Amino acid sequence: MTDEPDLSPEHDAAVRRLLGEARHTDPIPEAVAARLDDVLRGLAETEATPAAPAAAQAPGAGTPVAQAQVVELAVRRRRAGRLLLAAAAIVVVGVGGGRLLVDPTPQGDATSAAVAEDARAGADATVPQAAPEAGGAAADSGADPGAESGVGTGSLVPPPGADMSQLPYDSDVGRVGSGPVPLTVRLTERRFARQVARLTAPVGVVSEDATPLDGAALSTDPEFVCDAAAWGPGLLVPVLYADRPAVLAFRAPTGDTQVVDLLQCGTGESLRSIVVATVG
Amino acid sequence: MSETGTHPGPGGAGEPTDAALLAAHVAGDPAAFGELFRRHRDRLWAVALRTMGDPDDAADGLQDGMIAAYRRAGSFRGEAQVTTWLHRVVVNACLDRLRAAQVRRASALPDDLEEYAGRGALVTAAGEDPAEAGERAERRAQVLAALRTLPEDQRAALVLVDMEGYSVAEAAAILDCAVGTVKSRCSRGRARLAPLLAALLVTDATPDAAPAGNRPHGTDVPSSGPSRAPPAAPTAP
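Chains as they are written, first to last, in our numbering: chain A, 85 to 364; chain B, 65 to 301.
Quick caveat, the hints were computed from the structure, so don't treat them as lab data. Note that the coordinates shown come from a computational prediction; the quantities given were computed from them, not determined experimentally. We treat Cβ as the ideally placed atom computed from N, Cα and C, and that holds for glycine. Any given hint could turn out to be false.
Said to hold, decoys possible - From the derived model, a few chain A residues whose C-beta atoms are all more than 10 angstroms from chain B:
1. Pro266
2. Arg270
3. Leu297
4. Asp298
5. Asp305
6. Asp311
7. Ala312
8. Asp327
9. Arg328
10. Gly350
Stated by the list, open to error - Distance condition first, Cα-Cα at most 20 angstroms in a straight line; then the derived EDC-like pairs of lysine to aspartate or glutamate:
11. B:Lys247 / A:Asp96
12. B:Lys247 / B:Glu216
13. B:Lys247 / A:Asp90
14. B:Lys247 / B:Asp217
15. B:Lys247 / A:Glu94
What the hints assert, rightly or not - Looking from chain A toward chain B, a few residues come up when the C-beta cut is under 8 angstroms (computed):
16. His95
17. Ala98
18. Arg100
19. Gly104
20. His108
21. Pro111
22. Ile112
23. Ala117
24. Arg119
25. Val123
26. Val309
27. Leu346
Start from the sequences and build out the full structure, keeping to the hints where you can.
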């Protein structure tokens, strides 16, 4: 199992000593501390209760979600140019009664988020892109930013094969249809970030508040068995994460970035969170 | 706040315990989590920095972990100490980032080598020979570069045990794995590092060499830097 030769006790101790000497003992840099403080302030301001996910476990608890307020962190990237803008960074977003701007751009531009993710990983074009099973079907739905119409709360997305360009479009919400959506997005633990970044035209249920929704309200697929939870505002996309139902919540974008939360069925607890580039 | 306990903090006054702060946070105290996190962030930063290898990534990983901890505080069951739980969340966030960016890692030197080469444990002591300080900085740079070549799980174990001075048991709790797994990862990691650091080991593995970085059963790493509180105790903000 091990390819490494056994170390002599002396060498083992010497390696440990070298590692101990390389320990970092400086305090956190002021800039990082300030950034974290900003994030905490944003969290306190935008999340009505700090244990919001736990509170959401109580169906009907009606956990209030703070009014729209966005705290954007200092997005600093060592990568230059557009990829820098598109690179992942963390923002904290709270949305209340707000609508979600879903990427309305055609695919040409839409892949920039995935590219950015790869660029951030330093992988560039040498990295195999996420397989189609990563949810490309949903991502590749080819929204047309042309048509516009009003959209109400709880509006939804199209059935499989639907011509997205024929669906109503709202500049604040994105492409919407009606009724639960097919289950087309499958995410893996390992490739989560890249897979989500590729979902540049996600389709799902638009939620404007913390009203609990169950799996049947989110997806037409019988495989998507998901207990109700208060997901919060955003575009709710039913997914399979590590082969288990979950909900991907695209929160309101802020500037160039957009938070995407992976939420647990039944609790609404955030399992993972990522920031992707907002394209458009 | 409705916290249930206090402990004499570094300042001597009865400060709320970590558990009390976390409970207050869950109960809605908007300031509690910030106070809790500030207590531990220097050490969390050190772990994130050594795990990630560069300051930007470390800041992102630490922030990810902080947000996750903030949001998941309600799920803390108290099986571990709060600081252990915080470390677990942060380390997991860092490892998530590393895995996501795995491909780029290759063998590049850590970006922080230049920035930090003369700092931290290698801050030149008053009166220290600059040449000696330079040698120490170079040695440290080599160690960090070698560390970056390890698989994430081995690196994380070594960062916690050999660099940060956590006991194997504490590291196991943080990494959410068995004690034996941590020992194995540390052992394998050191074995991988040894040939990469051969030049340093020739001079270091001498009979009168200083004590090893960490004792096998988990006491703190002797450090040439400023002392830190043990893992279980909050550090002064």
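Hint check:
no. : hint                : result
1   : Pro266              : holds (27 angstroms)
2   : Arg270              : holds (17 angstroms)
3   : Leu297              : holds (20 angstroms)
4   : Asp298              : holds (21 angstroms)
5   : Asp305              : holds (27 angstroms)
6   : Asp311              : holds (17 angstroms)
7   : Ala312              : holds (18 angstroms)
8   : Asp327              : holds (18 angstroms)
9   : Arg328              : holds (17 angstroms)
10  : Gly350              : holds (13 angstroms)
11  : B:Lys247 / A:Asp96  : holds (12 angstroms)
12  : B:Lys247 / B:Glu216 : holds (15 angstroms)
13  : B:Lys247 / A:Asp90  : holds (13 angstroms)
14  : B:Lys247 / B:Asp217 : holds (11 angstroms)
15  : B:Lys247 / A:Glu94  : holds (17 angstroms)
16  : His95               : holds (5 angstroms)
17  : Ala98               : holds (4 angstroms)
18  : Arg100              : holds (4 angstroms)
19  : Gly104              : holds (3 angstroms)
20  : His108              : holds (4 angstroms)
21  : Pro111              : holds (5 angstroms)
22  : Ile112              : holds (4 angstroms)
23  : Ala117              : holds (7 angstroms)
24  : Arg119              : holds (7 angstroms)
25  : Val123              : holds (6 angstroms)
26  : Val309              : violated (22 angstroms)
27  : Leu346              : violated (11 angstroms)
Going down the numbered hints, you'll see the structure goes against 26 and 27, while the others check out.
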